[in-house]
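We have chain A; now place chain B onto it with these hints.
The residues making up each chain are set out below.
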Amino acid sequence: VSQFADIVAARTQPASNRTGSHRTGSHRTDGERTERDRRPEGNGPRQEGRFAGLFGSALADGSVNLRAAVARYGELDVVSCVVPPAPDGRPGTYKALTPSVPAAAWYEREIVDLFGLVPKGHPRIDPLVLPLRPGETRPRPGLVGRGLVGRGPVGRGLVGRGRPNVAPTTPIVVDETPLPAHLAGEGVFTLPYGPVRSGVFESVQFLVETPGEDIPHLRTRVYHKHRGIETRFEGMSPADGVLVAERTEGVASVAHAMAFSQAIESLSPTPVGAGEVGDSVPRPAMLLRVVHAELERVANHLDSTIRHTEAAGQAVAYSRLTWHKERIMRLRAELCGHRFGRGVVVPGGVTGPPAVAPSHALNQLARIEASVRADLHLLMATSSFVDRLRRTGVLSPEVARSRGALGPVGRASGLDEDVRFYRPYGAYRFIEMPEHRYRDSADALGRQLVRNEEMWGAFELCRLSIKQLGQRPPEGPWAVPIVPADGTAWGWVEAPQGELLYMVDVEGGRLRRVKPRSASFHNLSLFPDAFTGDIFTDFAFIEASFGVSVAGVAN
Amino acid sequence: MPWVTRGLRNGVLTSRYPARPDAYSDNWRGSIVVKQGTSGVPAADGAGTCPTGAVQTRAGGSPAVDRGKCILCGRCVAERPDLFSFSSSFELASLARPALVVPSTEETDAAVATLRASLSRRVAALRRSVHVRHVDAGSDGSEEWEIAALLGPIYDIHRLGIFFTASPRHADLLLVTGAGSSGMAGPLRSSYDAMPDPRVVVAVGTDAISGGIISPSYATAAGVGAVVPVDVWVPGSPPSPFSILHGILIAIGHLPDPDAVT
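First to last, the protein sequences are chains A and B. Letter by letter, the first sequence follows residues 1 to 555 of the working numbering. Letter by letter, the second sequence follows residues 556 to 817 of the working numbering.
Quick caveat, the hints were computed from the structure, so don't treat them as lab data. Each hint should be verified, as a subset may be incorrect.
Unchecked claim - Listed next, with one range per pair, are the computed distances between beta-carbon atoms: (1) Asp-581/B / Leu-183/A: 53 to 59 Å; (2) Pro-481/A / Pro-636/B: 41 to 47 Å; (3) Gly-135/A / Ala-781/B: 36 to 42 Å; (4) Arg-714/B / Gly-470/A: 38 to 44 Å; (5) Ser-643/B / Asp-126/A: 44 to 50 Å.
Yeah, the Cβ is synthetic: ideal placement off N, Cα and C, and Gly gets one too.
Next up, chain A with everything else stripped away, as it sits in the complex (with noise of 0.2 Å):
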């Protein structure tokens, strides 16, 4: 436990000669480089660790298992310790991570929150998803014996009579007490922005310290939509979690059951090739699941769009982007039956073959990009639209590196990391993929070119991936009967928000732990840092260019 944050850091630590060293692999072609890309080719992938996460699970004698995990080029890292509660059988301690890798400050709130525990030198311990009064019971998700006894046997997933008995069940009690304005001066004040908001919006509060126009200070609270979903995992079968998974971050559907079903799929005993994340997994189904998951992404880039279309006044634009948008949902129903996709993606493949043809679905497509480019086009050349982005929002690249900002808004910062290139999985290890760009003018406008870029290659995808479905056999096999052994396993995914992670804990073919991390979470926390001159107008373009989904945050 002593060493757990020295190691942990020394993982993330920069390579001495990380100026300029940055992933330009196989992947990147010499030609099509955006125009701001100044950085040397040839260094090979970044030699320093990114922090991606700290997932704790509780164990039965008090103590709770903490796991950092530190994403590479290629491979996962985790770190994992054990931190023993205190003599007085109270939450145990330890040395905080925070001061040494900044990335951790919001996921060790959310440990305090939920386990207790204390990170000893954590600069502001604040609730952040679930604020309790003192003394009161922590969920302490993870626990075990609790709700996994008495349940029948387990066999492909599908038996289980009645519902899990996940406990506590008892409603929280959540403590609202206003924090502490964190500026002083003549004439700031503290606007509670949330959560309940103008407009159609998930719930969510900024507090925003100001002294009129400009936001000097922005705190986000989190915590109004905290459903307890990561304790309503234990003791399902995996077959029952997918569908808590689905609902995790409901936008996101197919990229949570990817991950979900992946991690589940990585603890088969029967993996063929090398033990590789969804290669017991027929190749149909690893294609049907990428058709999925990338109309999904354009869905999201072009929910994103509309909402800056819409805080830019462009009518039309709003209007024919929607238009879009529901082409792309109803395309997506015709294929399976359910407009966000879910029900497609189980562990051990998908459900069944897609219910149009081929050619019927690649049609569709080709409409739909065509009306999208065209629009696009236009919107981009429009300056009462393009200005209002530019040099809005700017996440600095010192801050998205040192942080690890995920997703279009890391890619927008200089960062190139997606996992589809960084950790492939599924069928992105043998498809042939699209051009992948980053860009590094770190604003709003920069976060729109990387997902109208985005937008063009998971066309190019679902392209490849229906063409490549057509040829094969509609019988299948589209799933493999999947008998999870007991262990952690990690399955990750490039959700359109940038990279999702699931933790699973198995154990006796049910689900011990489940903590998803959505990319939602990560980049939220970084969202005030992209608040540099900005000025009140500013603040629906720069959440919209974040592209965040509070259900990801909040689980």
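Relative to chain A, chain B alone:
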């Protein structure tokens, strides 16, 4: 200027629903139905596989499905195709929570008729135009997308006199999504209390009705009914924009026969 011509390019895309049926509205799995002629067949085998306990066996031994709990995973259809099937119906909203259990019974039909009469008197002033406030009480985020879709050109609810408003103080109708997270209980109640009378509450989605697969947990109530009095229940995980629109129209008495539950 280019946007003007762009805006005219594709003509009118807007659905004619509810004046005319929409060809697309029932193009996906909307609900589970119990097949005809299955009374007396216990659903015990099917019930075991339901992850949310939506499949029930009535006193007489007949199978039933509680759409307020159903998350449309389709397990019952896969296990017992003789009893259950998918239906593409989208007009699923109901005025009474018990009426979400299908097939409907005479008691629930009578209860719904009573509720409809009293709601109809309350909302008489809202029939031509209604202002809506949405509150997320712990949703997974997908319901918000489907509600936001109503503002787009396809559904364009402005044509029906339905408008979204920024403040609950100007709202007649409250759309609530999510399983009722503890953190939102206070803000949800405050939003409801801030609304002027007459006010109507629509619970959108299976999570909002019963908590779905998200409840029970230490941080959610089993649906938002524990916090605010719900008038209209719209099942679905998430409900499609057409289902939500149907629920709003029922709430303001805009549809002639609101409880044609199929």
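We went through each hint and held it up to the structure:
1. Asp-581/B / Leu-183/A: 53 to 59 Å: For Asp-581/B and Leu-183/A the Cβ distance comes to about 54 Å; the hint holds.
2. Pro-481/A / Pro-636/B: 41 to 47 Å: Violated, at about 20 Å.
3. Gly-135/A / Ala-781/B: 36 to 42 Å: Since Gly-135/A and Ala-781/B have Cβ atoms about 25 Å apart, the given range 36 to 42 Å is violated.
4. Arg-714/B / Gly-470/A: 38 to 44 Å: 40 Å, holds
5. Ser-643/B / Asp-126/A: 44 to 50 Å: 48 Å, holds
Hints 2 and 3 from the earlier list are contradicted by this structure; the remaining hints agree with it.
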